[in-house]
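S.K.: Given next are the chains, with one letter for each unit.
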Amino acid sequence: MIQLDNVHKKFGNLEVLKGIDGEIRQGEVVCLIGASGSGKSTLLRCINGLESYEEGQITIDGKLVDRKDPSIRALRTSVTMVFQRFNLFPHRTALENVTEGPIYVKGEARREAEEHGRELLDRMGLGAKAETYPTSLSGGQQQRVAIARALAMRPKAILFDEPTSALDPELVGEVLGAMRDLANDGMTMLVVTHEMAFAREVGDRVLFMDGGLIVEEGPAERVLTDPQEDRTRDFLRRVLNK
Amino acid sequence: MQFLENSGRYLPLLLQGVGITIALTLAALVISTLLGLVWALMRYSGIAPLVFVSKAIVNTVRGIPILVQLFYIYFVLPEFGIDLSAFQAGALGLGLAYSCYMAENFRAGLEAIDKGQIEAAQSIGMKWSLMMRRVILPQAIRTVLPPYGNTMIMLLKDTSQASVITVAELTMRGKLVASSTFDNMTVYTLVALLYLALSVPLVILASYLERRFGAR
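From first to last, the protein sequence lines stand for chains A and B.
Residue numbering for the first sequence follows this note's numbering, starting at 1 and increasing by one per position.
Residue numbering for the second sequence follows this note's numbering, starting at 1 and increasing by one per position.
Any given hint might turn out to be false.
List of simulated lysine to any residue pairs, SDA-like, C-alpha gap at most 20 Å [what the hints assert, rightly or not]: (1) A:K68 with B:K115; (2) A:K68 with B:S45; (3) B:K157 with B:K115; (4) B:K115 with A:K106; (5) B:K115 with A:K63; (6) A:K106 with B:I118; (7) A:K63 with B:S85.
Just so you know, these hints were derived from the structure itself, not from any lab.
Every value quoted in this text rests on a predicted model; they were computed, and no experiment measured them.
Produce the entire structure from the sequences given, and follow the hints as far as they go.
M.R.: Set out below in structure tokens:
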């Protein structure tokens, strides 16, 4: 569904992606792990067209991702994104955050959009918070609203950019739980994460990135318990001993 | 007693000037707000030619005294076939001059917004105009309103500069009445009080807007 062919990306002279190949298939949960600075978030942002890339190509269902082309907007509604810092709209309630895209981007009728929005908030365990503004929500609640916002576009896949990294430790579980439910419902997900337990339990596949390359990939269980590459082993040792 | 008596005589003349001062303030406020928004959005767009033009206009206009701009519009433009009435020239000149202060206010408000908001808007497929209307401007307006209120009051007072191009606003009337009666104290005290009285509704308007748009 999402196809990556030899993707290169530079920030000035710094090459952060050095030729990424890969595929995310329909219904798959793929976890992207690696040290900070390895290019994971950049890769995710390239897929959503938030960053440009210089070489190679990214396609979603065969359509080229080109952030300069107006077609990017349609692609973004089919592959939405959840951010590390939630990025909810602070001047809108939880429900309005969720219905903003359906009403103003997709032109859905307000009543249907609100009905669907309430369902999604319910599903995130936030039915009672529909009229609440983000500032009155905890980080975990905000992130679940953000997931509902991403779902409201009825996307084919969702990209998660370290969705629990900005959360207090006791709030991580509720967000991972919501993501686990999504995965069980068959949502296609690409998740940049440092939560190895989550990757192992929910992920179908794990990609390990280092220095702008995918160094190792395979079934989550295998990569995380029996890595073949030295760099993967080093990384996992460092992360798990923390 | 003398003051009140004389005031009664001068006031009708001065009040005519108040009408013009209000009209001039409102006209210049509308022009400067709209143009200021245009300059600020051009600058915020990040599109190189638009950014350049916006910067050039703001820095040029800001660097020339309002008085000189008014002279220029009223006395020089007619040589290029652009004939404006004194009021039109005043409204245009003040509107243009103030659009640059407005633009800088607006820009500050826009740039204070977290880049994550832009990314969130983009990630649900919003195009630029929709993002500005639904996400960026409603948030920017909160930061912008306090300095905006301040600028409105400055503009009200600066309409007195239009007297130099014969706009018969409050200051101009005051000068006329004072020079024909030699009662400088009464006249200029009245003029000052009238300006003060005019600024009160603006203060109320500003705080109303802050409540209206600042509430979550």
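S.K.: Any of the earlier hints contradicted here, and which numbers?
M.R.: Going through the list in order, the structure violates hints 3, 4, 5 and 7 and respects the others.
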